[in-house]
Amino acid sequence: MTINTNHDDDDDDDDDDDDITKILKLQHQLADDLDGLSMIVLNTNNLVDNKKSDKSSTTTNTTTIKTKQSPVSPPPMMITLPSLYQFYTMGILLFHHTNIDNNQINKNNQINNNRFVTSYQELIESIPETLLRNIFGGQLQTATNKLLTTVTTKPNNRDRNDTAGIIENDLLPTCRSLCGLFAHSSRLCRVVYNCNNNNNDWITTLASFYDRLIVLSSVSSSSSSSSSSSSSSSSSSVSSSLTCAKNCVLATLSSLLLDGLFYNNNININNDTIDETVKSIEESLLEAIHAMEEASTTCLGDLQIWQSHNEPFRRTIVSSFLQHQHQQQQESTDGTENERQDYILNMLESAIQQSEEQQQSQVSSSFQQTATDHAVTTNSTTKKKKTTTTTTTTPACELDRRIQQVKQILPHLGEGFIEAALSLHQADVETTVSVLLSSSSSSSRYPPALRMLDPSLPRRKRDHEDLEEGNDGEMERAQEARRIVKERVAIEEQQEMAKYKALVYVTQQEQQQQQQSTSFFDDFDDNIDYDRSKDDEYNDDYDDQYDEVDIRLGGADDGFTMDKAWDGDDTATSTTNMKKVDEYQQVKLYNQLVRQDEAEDIFWQENRNLNRQQQQQQQQSNRPSKNNNEHDDDNNHDDNIGSGKQYRGPDKIKGGRIIGPDGKVIKRPGRGVGGGRGRGGGRPNNNNNNQNASTKTGTTRKKPPPPSAAAAATAVGPGSDNRVNRQRDRKHRNQGAFGVTE
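Okay, so the sequence shown: first residue is 1 according to the UniProt record's numbering, each after it adds one.
What the hints contain is simulated information worked out from the structure, not anything from laboratory work.
All values derive from a computational prediction rather than experimental measurement.
Please note that a few of the clues may not be correct.
What the hints assert, rightly or not - Below, simulated SDA-like cross-link-like pairs (lysine to any residue); rule was C-alpha separation at most 25 Å, straight line: (1) Lys-407 / Lys-486; (2) Lys-246 / Asp-211; (3) Lys-486 / Ala-498; (4) Lys-246 / Glu-294; (5) Lys-279 / Glu-430; (6) Lys-407 / Leu-453; (7) Lys-501 / Gln-513; (8) Lys-246 / Trp-306; (9) Lys-246 / Ser-308; (10) Lys-407 / Ser-438; (11) Lys-407 / Cys-397; (12) Lys-246 / Lys-486.
Unchecked claim - What follows is a set of in silico ranges between Cβ atoms, one per label pair, in the way DEER data are often shown: (13) Leu-503 / Leu-453: 49 to 59 Å; (14) Gln-508 / Cys-397: 50 to 60 Å; (15) Val-587 / Arg-608: 30 to 40 Å; (16) Glu-430 / Glu-474: 31 to 41 Å; (17) Thr-518 / Lys-588: 38 to 48 Å; (18) Arg-460 / Leu-503: 44 to 54 Å.
We put the CB at the ideal spot given by N, CA and C, even for glycine.
With these hints in hand, go ahead and build the complete structure from the sequences.
Shown next as structure tokens:
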């Protein structure tokens with residue numbers, strides 16, 4: 001079967017007669033071919049049925065009639081179905097059949113048109129469902145999705161001629177073909193809608209197609225408003241083509257929903273399964289509504305408006321749904337079912353209201369656009385930024401779209417509550433709606449993050465970044481505010497930098513002055529020390545009370561102890577240098593240091609450990625003193641005063657022994673064992689207790705009489721060689737440790 005597809009689809013008034021004649025010729029040819037195909041398919045089905053009946057009859061009569069031969073079936077006939085392109089052309093012809101003015105067609109042509117539609121319906125009825133699903137549910141849907149992807153991925157800022165060519169050559173014929181195929185066959189709608197277990201693929205595809213047509217219509221309207229009067233005719237033709245394409249998409253959606261969803265369930269409905277049927281219709285309708293809302297925000301409302309004006313017999317989604325609802329109410333009354341039905345009706349009504357509001361806003365925006373086109377803008381770069389931001393989809397716009405989708409289904413919830421629910425479910429509209437619907441009976445069934453929120457919570461205020469999507473005045477004010485803030489920040493940074501530079505300069509100057517003054521005072525101190533030493537060489541009245549004071553202040557100390565002015569040769573230099581010395585500050589500083597030293601001495605004197613002093617006193621009282629200093633308790637190592645021997649020093653160890661340069665103790669000459677007067681020496685420590693046998697006498701030494709007072713007064717030193725006796729004598733004479741009378 002061959003079809004001549006060289007026809008013109010223009011709708012101009014001058015070429016209407018030629019188009020009608022061409023379409024009628026194609027319809028005649030295609031009708032004849034379709035009649036032949038339908039007859040072949042019907043005959044083939046009859047032959048298959050006859051063959052099955054013959055086989056069944058032969059199997060039942062084999063036991064009784066064995067000699068009778070079974071009839072020979074004719075060989076199978078090769079059936080060639082129309083291809084996908086032939087179905088595509090067929091849909092375009094069917095669309096023209098529904099849109100041709102009946103006044104221009106005579107009775108014969110009207111009969112041929114009816115014959116053409118009838119042949120198409122018989123062809124669809126004769127094709128098995130598997131083949132229909134393969135062609136319309138697989139191949140045709142894949143081709144439509146590819147076309148939609150190609151149109152969507154192309155840039156939006158294309159040339160006006162390019163946009164018109166895409167609309168006239170690609171989108172409009174596709175929409176007309178789909179409308180002609182689905183609007184003239186209810187069986188095709190049922191098969192396609194039930195394909196792949198009601199996954200609503202065709203619903204999503206058509207809604208996306210409609211949304212793309214809306215975008216193209218807005219782009220074409222904006223370009224036509226900015227174009228000159230010479231291109232007004234082309235822009236009007238593009239807008240009319242887009243309107244026709246949108247009507248075709250809405251007609252296709254209406255046929256799929258009414259014939260595929262409601263009519264299919266009306267066939268199998270009965271009194272026993274009415275509840276299950278109505279429940280399945282409600283679930284399928286909800287899924288279809290969700291699919292349309294995800295793809296386009298205005299498709300559902302525009303579809304209902306189109307059905308109320310253009311659908312024959314006033315078939316709409318609401319009327320069909322109410323019909324099933326009435327049938328269910330006659331059989332059973334369930335509160336939950338009524339709530340679900342009311343919810344669906346409210347959702348459909350809100351979709352209509354939203355679409356009407358959007359149409360009004362589009363009309364008002366078009367008037368504003370025409371008014372603002374006459375004004376001359378001064379900043380061209382801002383214009384470019386606006387056009388780019390309007391053509392691209394921002395995350396804020398996407399969030400607004402999803403919030404509106406949920407609000408169409410649940411209009412009683414606030415936008416802020418919906419936004420929180422979307423953020424909780426990763427911006428998935430289906431999951432959010434299902435969770436909110438399951439929890440709509442009571443707020444306690446909401447997720448924990450939503451229980452504390454008010455369901456009527458409004459949306460929060462938009463940030464300053466969203467002002468770019470508003471009017472020009474708000475955007476200009478925001479830009480002016482940002483510019484002022486940047487200028488203020490720049491001025492503050494400059495001031496901070498100037499302060500920092502000034503501080504660095506002052507610090508450097510102070511460091512230089514300090515270095516110069518330090519070098520001057522060093523030279524001045526050297527000169528003062530030299531002159532003072534020269535003066536003190538011939539000064540007998542030199543005051544040495546401050547020589548041992550080491551406060552390490554350099555010029556301050558010398559300035560305080562200096563008795564007279566500079567006596568150098570250079571009188572002018574000395575006078576200038578002396579003026580630079582502030583004697584008053586030096587005196588104050590010196591007094592402050594002296595007071596600190598005194599306070600520190602008093603502190604350590606008060607915090608002495610007296611227990612150690614008492615222990616040392618007890619030890620010294622229990623043992624004799626070597627140097628007649630029994631009660632020398634100070635820690636100044638003055639125990640050696642009063643005798644020629646030194647028992648302590650840098651080169652001495654215990655016992656007064658001297659350490660040599662090699663680190664060893666130096667032996668005293670002639671002081672070996674028994675040779676000295678020390679321990680084990682030749683001379684005994686106590687002459688009265690001499691153990692030498694040669695000197696011992698048998699007589700006992702008598703105690704000498706006590707000396708007289710005159711002799712005691714004239715006595716200067718100790719009168720005995722025994723240390724113990726000398727101590728006793730001093731005690732009797734009230735003398736001190738050094739023989740001085742107390």
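Item to complete: Any hints from earlier that this structure breaks? Give me their numbers in increasing order, please.
Response: Violated hints (numbers, rising): 1, 12, 17; every other hint is consistent with the structure.
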